[in-house]
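First to last, the protein sequences are chains A and B.
Here the numbering used here is used: the first residue of the first sequence is 14, the next is one more, and so on.
Here the numbering used here is used: the first residue of the second sequence is 1011, the next is one more, and so on.
Keep in mind the hints are simulated off the structure, nothing from the lab.
Any given hint could turn out to be false.
Claimed, not checked - In the DMTMM-like style, the derived pairs of lysine to aspartate or glutamate whose C-alpha atoms are separated by at most 20 Å in a straight line are: (1) B:Lys1279 <-> A:Asp141; (2) B:Lys1330 <-> A:Asp400; (3) A:Lys433 <-> A:Glu490.
Said to hold, decoys possible - Where chain B lies over chain A, by a calculated footprint (3+ residues, C-beta under 8 Å): (4) 90-104; (5) 108-122; (6) 534-542.
Nothing here was measured: the structure is a model prediction, and the numbers come from that model.
Beta carbons are placed, not taken as given, at the ideal position from N, Cα and C, and that holds for glycine.
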Amino acid sequence: MSSSPSDRAGSAGASGRSSASGRSGASGRDDGAAAASDPLRPADHIDSAPVDENEINQPQLGVVGWLRWGWRQLTSMRVALVLLLILAIAAIPGSVFPQRTADPNGVVQYKQNNPDTFPVLDAMRMFDVYSSPWFSAIYLLLFISLIGCIIPRIKHHAKALRALPPRTPARLGRLEHHRSTVWAPEPAEGDGNASTAIDAAAAIDVAEKQLKSLGYRVARYDRGRTWSVSAERGYWRETGNLLFHISLVGVLVTVGIGGGFAYTGQRVVIEGASYVNTLIDYNSINRGRFVADDSFQPYALTLDSFDVTYEDFGTPGAGQAGNFAANLSVRNIDGSASKGTVRVNHPLHVGGDSIYLLGNGYAPTITVRNADGDKVFSGPVEFLPQDSAMTSLGVVKVTDGMPEQLGMIGFLYPTPLKMKSGAYTSVHGALNLPLLTLDVYQGDLGVDGGKPVSVFELNTDGLEKLNGRTTDTKSIELQPGETADLPNGLGTVTFENVSPEGAKDTLQSVKRYVSLQIHHDASAPWVLAFALLALGGLGLALFVPRRRMWVKATAADDGIHLEYAALARGDDPTLAAAVDDLVRGHERLLDAAAPEGSTPAKGD
Amino acid sequence: MPDLDSISILTLWTAIAVYAGSFIAYAFDLARRSSATTAEVQSPALVAAGGADARGAGAPASGTAAGGKGKSGKPRFIFARIGTALAILGWLFHLTSALTRGFAAGRVPWANLYEFAMIGTLLIMGVYLVVLTRIDLRYLGTFISGLVVVLLGAAAANFYVAVTPLVDPLKSVWLVIHVFVASLSTALFALAFALSVMQLMQSRRERRIAEGIESAGPGFLRTLPNTARLENMAYHFTVVGFIFWTFTLIAGSIWAQDAWGRYWGFDVKETWTFIIWVLYAGYIHARATRGWRGNPSAWLSITGFTAVIFNFAIVNVFFKGLHAYSGLS
Ligand code: HEM
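Bound conformation, chain B alone (with noise of 0.2 Å):
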């Protein structure tokens, strides 16, 4: 029998392959989308949809419901489901590989950079699905079998470090507790991240509407929530995201205080958490403002999730400091 660390590796690329699958059926599903709609939907509707909030709360932007009943029947959406299916096929290799990982260490998997990438993206996709059996994002499956195709491809590609005894700083109960709830917030900022996208394209297409623009923009879009409900959405993930980040904020002082002797020393990697905390911070403010709310603040939450990978990717691997633990040489 093959170690267990060979097994993680074999599932985890076989979680690759199958996520790319699904981002391939989820685009397959967004042409769909567009041709379909097109036919199906009349022109009155799309009318509605232009004006501002002329919609309810969960009402899609035009006559087709997401996934729903609509005027012209149920779309089947059938691509968005082979989509599904196999994210979570592909969640499940992902979640083997991951475990097997932990076992080969006989530890969390999240101690290197290879692992984090392992964790965070594992989090993308179990909080993607997670809120599919409640609201209808599955629009956004190309994002994010796309996103975590990229990051785990990348991270296994280039990242990968064999199973070696953590160094004395990480051995503390504030690894599993900093790291993980990190990892989680961080996938909801994803999702966030995600809907504010959707959000500035589909407010975009409702101001060309509105204006009389023939060609307003891509057609699935259509089968989208207006762009309040986009925003609304956007915004709920990033609250319960930004309580986890503060709370990582703060456990990760409690552990720098531990570790390093002080709980707060703008090392390259606390100014960064420290920096998307404010601007996320700021993105909630914006959202109270009057004339920043709208496509303002959707910037600010692409701002702050771009922060978040940037300090993922580039700040981890380019930058000197204390949190030197990307196992990289």
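Only chain A is shown next, with the shape it has when bound in the complex (with noise of 0.2 Å):
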């Protein structure tokens, strides 16, 4: 037995354009039983059949014809589409201007340069892009859309899975895949016509079982002297369609309702110092409109010490630092206690909270005291890093207990180098020989008032300098355990070592503190779950291959007609060799089918 592929010059084009005339011609429209089974797609999806452009254009039936035609363009390909497009390009501004989600200081720079232009821009909504009613408007606009898409085929193809495949169509030739032999088994004794028939609808047998081993849904049409199977597969392409973008929604669903519960504050923790998980507790916070005051769940934390190591000098990335790691102990509230370390990429768990380590620095001890002696202030004084080198800058606020308010700005050189110019600058993250210099302000502090003031800032304009640049006084310089007397005779500060018992060096002679962010979002898995399943779901949409094949025997006089036919949906590059398989396939179970002595006849 042999076959000789028709070779259908000028259609066996696998592109897309070709197999869509093929179909609207060659299924669906002459048997009704191909369209239930047909993915549905909006009206000017390229596979659909062309509509008659008047008739979407103008409609001519009021306020209800018009809200139909309007819901027919959004949920169309073409303003899908568009959408997309749009989506994108909004998103643009959002990363050419700073945004006040992701990048506040940004924003107040911004603000700082450009006085003109920041006030029409910020109109614009252009530093909260993502939040602006116009980038909304697009993206729940593209939602709306979505859902009106798909909807009616969820339930098209709800139907479609429990369809069977359509009838097999009256004329396969015209499909572009198609291929014939002519198959003369040796007529049995008896009525020959009798026997041709036999050994069709046996041909058809055969095919319908290779064909459902092959995976597809099979259905039977024999009709006077010709048998069929028809048969379909790849339901998962569509189904894995529908998932991806009904997991989109879930996406952009989970996204905004989690918001709504989430939250996200920063705290600020010396070593040895604890805080407990309370509203008040926090240094800022941002949350969720659904969150209370007292969902807080009041856990105590307190940082016992905070690791870091800095490449050597003379090492590639010399003073890079790294290994960072906050060791935490951690009170639950059942009262049980436990020890935790917060690293970058390991957030540690406590109670449905992330912990986040955002960022360090150095918090010198430092005592003042007035002029009899008394002690009016003590402690550690958080010093924000200004370089990688961590010189540091900090201000010390003493309220109460002097003649006058008193302020201080200080530098940190974890490791000074004394520049040219006098100044000194600090070469290296780590504590080698540490100096603490202070600039000494008597007056209003101005903290009075209730005007909540940072605490790393200090208003020198009702202030008189004491000492420093610009006076006669040199500013203060002091290193750990050094003690040194304020300007005019106000008493004394002292930068306290805070190395423990015994140390031979300076390297643990300040405390450290870390920035925390804690983080509670319980969204966060159901959002991944949604992505993962649209990932899972975009898998099987675009290379699950959906296809159709028909085999039909006619019985003839010189033997059985046998043809073979396949239909893409969709994207198929390998139907050709798929159907080629088939019918090699086909054969070679017939010839093992086959009573001895039938003899193959040529193909056509």
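If you follow the hints, you should be able to join the two separate chains into one complex; please do so.
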């Protein structure tokens, strides 16, 4: 037995275009059954039959007609596509201008640098692009379109999953992928006609089994002198497509709902200090609208120690800090205690919260005494790092116990180096002989008005500068353990050395602090789940081939005419090979099943 | 013996030189295709090529198959062969460079901009060479080797940084997965981009032939597949790239959740990854939308890849954000 796949010059192309025209011509339209199992597509989908444009563009039905028309537009492929492109473009400004959520300091800086354009841009929400009305409008329209698009498709697909493969088209030869052979089994004794009929039916039985084992859903359509099996596979393609689009909705909805219940707070903790997870104990917090004041689990955290390493001098990346680790003691609400470490990439999970390490710095312990020798200030003060060598800036505010309020601006140089200009800089982040310099101010600190004032800032407007640059008195310079006189005989200031007993160097002479971020968002796993579902759906939608196959046997005088045809539903680059495989496999099975002595005839 | 990083630098520049040779050979190949086929191809074939989908899937736009059998015998494409041979040789040097860099650093060699460029171009060339074993895409050789020479040369000259220990946020398995998969999708998008450019050129040529215009465009187009075939190939590379990109986006979010305490924050790099994802989703839709298949969708593919390159070269270097891993100061 041999076959010659009919060489249909001019239509062998795998282009979607020609398969699309093949589809509307050869299936569906002449067979009602076909339409049911075809995936439903918007009217302007490339595979949909062209609709009379006038029908779409000229509604004559008044308000309802216009609404219908508008809805059809919104749920069309074209509008979905345009909205996607607009979404892409609309996201760009948020990468150009600093955003309040991601980079609040950048926004402040932008405002200072561009006082003229800032208000205009701000009115256009260029600094909150992703929560702006116009950005929201775009993605909400897109998702309305998406939902409007998939709901009818879900219904349709649910039906298709239960439907039988479509009736075999009358003229298979019109399909793009078509092969035909003639099979002439040795006529058995008896009525020649009857035996051809039996053989034809048997050939289709074989094909039916073969297609079934290839994963096709099959249906028999035998009629008169023709026997045929119609087969379809790849329902997962549409399932995957729907799963993908539904999961996108899932991601959006979970992100939206989750945001209402999420909170993110910051808290600075100095070595040895503790805090309790309550609203008032946060330095700053952003919370969703459904987070009540009392919805925090009141566990307590203590920073036992903070580890960091610096690359040595003379190695690549010298001075680079790394291996940050905040070692915490946790006291849970049930009274149990545990220890944990927060590292970058490894948050600590406590009571539904995740605790992250945001930053770290030095908190020199400073003691101020007045002229009588009374302690008027004592404790660690958080200094803000200014560069990678941890040159740090901090402010001491002495509000009581002095003739006037006292403010000090201090610089800490962990590893100081005196530059030619006489100023210091730090050349390494570790505490190799740290130096603290202090400039003292006297007057009204402005902290009594009840207005919140940053602990890192000193408003020098109402203050008199007592030493440092622009005055006759030098800045105070202190090493750990040293004490110096304040200007004007105001008293003394001490830079306490907090090294453990018996320390031989200054590497632990200053306390460190960490800035922790406490994040609570129970929706994250759901967002991830939907994202992964979308990924899975995408894989199915793009790689599962959806195709129909037909095998038809027609009993004729010269033998049995066997026809094979296939139709792609969507992109299907391997369809031609699949038909050839089917033909070859069928031949082999027929040969195996054929009675002795049957002779294959030549293909046409 | 010189240290591993010096070997890496040396082999990298060797690779660039060999790739440059490959580029020249491929350029000669295109020139040869233009002139040789003018004589070989009979005009009936040309007319046939003009008809929209008159030709089969794998058939080139004219009688002379790209590397296959043609009416006028087998075109040998000697220069294309030389180009491919040089590309393979260059790739081996390139691979050596990446491996020695990795061993020198004691980690995966993709943790700063210099290394991203090194691994990204390694994958572009690698994917191209792998695809060559199945589909004859040598007409993209000039583009691929040219792109790799430019990117790699610029990176080696401007972005080079010595091996330094990783900063804390990069110490994560996601560095291995997320960055590698992102580079892989970049490679696939690059191929799709090149095919889309060819598609536009071919489409212009087919239109001009249909209109009976004498000079239909660069002659080498005659040896290329027709528009529909080019578009299909571009689409298939894109969808594979798109899946990887989707994964990149998800993996990046998981990493961001661990490293920065939130899975999504519209950091500059996140934003651009999202923009690229949306653009390619638009491309995939465009191909399924009446009136958008063909040239408009090809332009979207080109826009998508432009955004990829922008995200890599411009956003990394000039935009301020959390992804400050270029290693440049
Ligand atoms: C949230 C925005 C959207 C994104 C990111 C998106 C993304 C995608 C992707 C990646 C595909 C390719 C997967 C496949 O072929 O199955 C796809 C296909 C598809 N999408 Fe969307 N889509 C979105 C919205 C929409 C909307 C609003 C509609 C309805 C108008 C729609 C209708 C379709 C259709 C019909 C297909 C199948 C295309 C084909 O037959 O090849 N999508 N979409």
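Hints, one by one, checked against the model:
1. B:Lys1279 <-> A:Asp141: holds (17 Å)
2. B:Lys1330 <-> A:Asp400: holds (17 Å)
3. A:Lys433 <-> A:Glu490: With Cα atoms ~17 Å apart, Lys433 (chain A) and Glu490 (chain A) stay inside 20 Å; holds.
4. 90-104: Coverage by chain B holds here, the residue count being 9 at a Cβ distance below 8 Å.
5. 108-122: holds (count 7)
6. 534-542: Since 4 is at least three, the answer is holds.
The structure meets every hint from the earlier list without exception.
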